[in-house]
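As they're listed, the protein sequences go chains A and B.
Just so you know, the first sequence maps onto residues 1 to 257 in our numbering.
Just so you know, the second sequence maps onto residues 1 to 257 in our numbering.
Rather than coming from a laboratory, the hints here were simulated on the basis of the structure.
As the structure is a prediction and not an experimental result, all values here were calculated from the model.
Note that the Cβ used here is the ideal one computed from N, Cα and C, for glycine as well.
There's no promise every hint is true.
To be verified - Among chain B residues calculated to face chain A with C-beta under 8 Å, some are:
#1 Y16
#2 D20
#3 K23
#4 P40
#5 P127
#6 I128
#7 E165
#8 A199
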Amino acid sequence: MSAMLEVRNVARAFGGVKALNGVNLTVEKGSITGLIGPNGSGKTTLFNVMTGYVSPDAGTVTFNGKDITGARPNAVFAMGIGRTFQMTRIFSRITVLENMLVATQRPESWLRGLTRSMSSPEELETAMEWLKFVGLDGKSHLEAGSLSYGQRKLLELAYVLVANPDVIMLDEPAGGVNLTLINEIGEKIQALNEQGKTFLVVEHNMEFVMKICHTVTVMHQGRDLCSGPPAEVRSNPAVLDAYLGGGDEDEDEEVPA
Amino acid sequence: MSDSNFVTFSGVFAGYGGGDVLKDVAFSVPKGGITTIVGPNGSGKSTLLKTVSGLVRPRLGEIMFKGQNLVGLNARQILRLGVVQVPQNHSLFKEMTVEENVELGAFLVKDRSVIASRLKTIKEMFPIVAERANDKAGALSGGQQRLVEFARCLMLEPELVVLDEPSMGLDPKTLKVMFATVKMMNEAGRTVLLVEQNARQALKMSHYGVVLENGHVRLSGSGHEVLNHPEIGALYLGGALSSSPASTAPAESAGEA
């Protein structure tokens, strides 16, 4: 495997707050890489830097060896890096299916996207297949704004998958999603990974992270605290202290009468 | 009014104009307990909570609370009766201080001395409110903001606290603190009605569980019964409990390492 995405010494401050303070991250080609860390440790800011939504004060981001630091979000997307957002960003006044069709236009020029009026039958079919996977096929004709919070997250997941990027960055795909569907999403990610897709996943659901990720980087206070295989990271005392919290797991067994 | 019928839904139909989201919902919330509503994305959980707090008015049916029908009352009237909801999205005023935000929770109370004494009690229950009193709410992490929202909702001394996915976006360590805080509020005499996708952990601490499916109550019973129901487990809880020992809470996974 070789590094597909590399983040080196990236720093970014918002006012006096150092959201990122010299963070490093490597995403190997063909891997499912997990990014975990406490609330406020800088995970989403790092995603924003990597995808061009926020420019860093220092440091570099490279994609397949090419420096993409400071590239615009549309340029990053066109290169084949797709992402979802923790707080979903869908077009709420058009239908669920129309949202999906917008996403299929990635490989084309913007002019072609503007001038064409129809989506091909293949595009429609692929869009419906992904909607079916996330359980939204019955809602394809509804305004996306009428979806519940959890359903919007699922639409966004389908949206990024239908765009078919090479690297898929997911910001809390399991947040607000029911537990059985979380397992199905995990299996789908693994299947796509076997077909060659690379994933970078931010997630607080540790069971999910441990099950699907090959390697995990832990962030704390704007830096990478450690990286390694999930089992190794999970037993790292610094991670237990900063992120997982330890010592009171018996409490979970308690069932009130 | 019997204690087992603190809040009673009967024949509730509600939606947003494009068909009913809730279809003939009927169940009771017993007094003094924690009741958790679980179910797939889009089953109507958030809508159900909104009918209790007056944000969505049912088309048909009754919601009886302390001998009064909540259907037809507005949100403010329902607040006065002692029902307070903490919404799904973060709802603090970010530019105001933590203490100002908490004080706003008592906006229906005119007597300054009552507000001051409640604030004092709240600061004892929630150390974060005392420690960060003069910081802007927006400077707190997501988990800390959640606790301040809990603190704020108690300023009206509600009898029923309604929580819509309180675990959303919280890291594992903060999640434990949040669930412990829900328990603490309940032990302090508040009846709690909540919706959770983190269903296993929520049901473990709940006295009662309700499964909502496509706008209907599929099952209601003790938290334990719902948690151990094989079919419900497979459909919505990530696998039946008995056949899936791997499906443990994050805290437990951390403990094994």
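Against the structure, the hints come out as follows:
1. Y16: 7 Å, holds
2. D20: 13 Å, violated
3. K23: 15 Å, violated
4. P40: Since the shortest Cβ distance to chain A is 5 Å, the answer is holds.
5. P127: 17 Å, violated
6. I128: Interface hint status for I128 of chain B: violated (13 Å vs cutoff 8 Å).
7. E165: 6 Å, holds
8. A199: Status holds, d = 6 Å.
Comparing the model with each earlier hint shows violations of hints 2, 3, 5 and 6; every other hint is respected.
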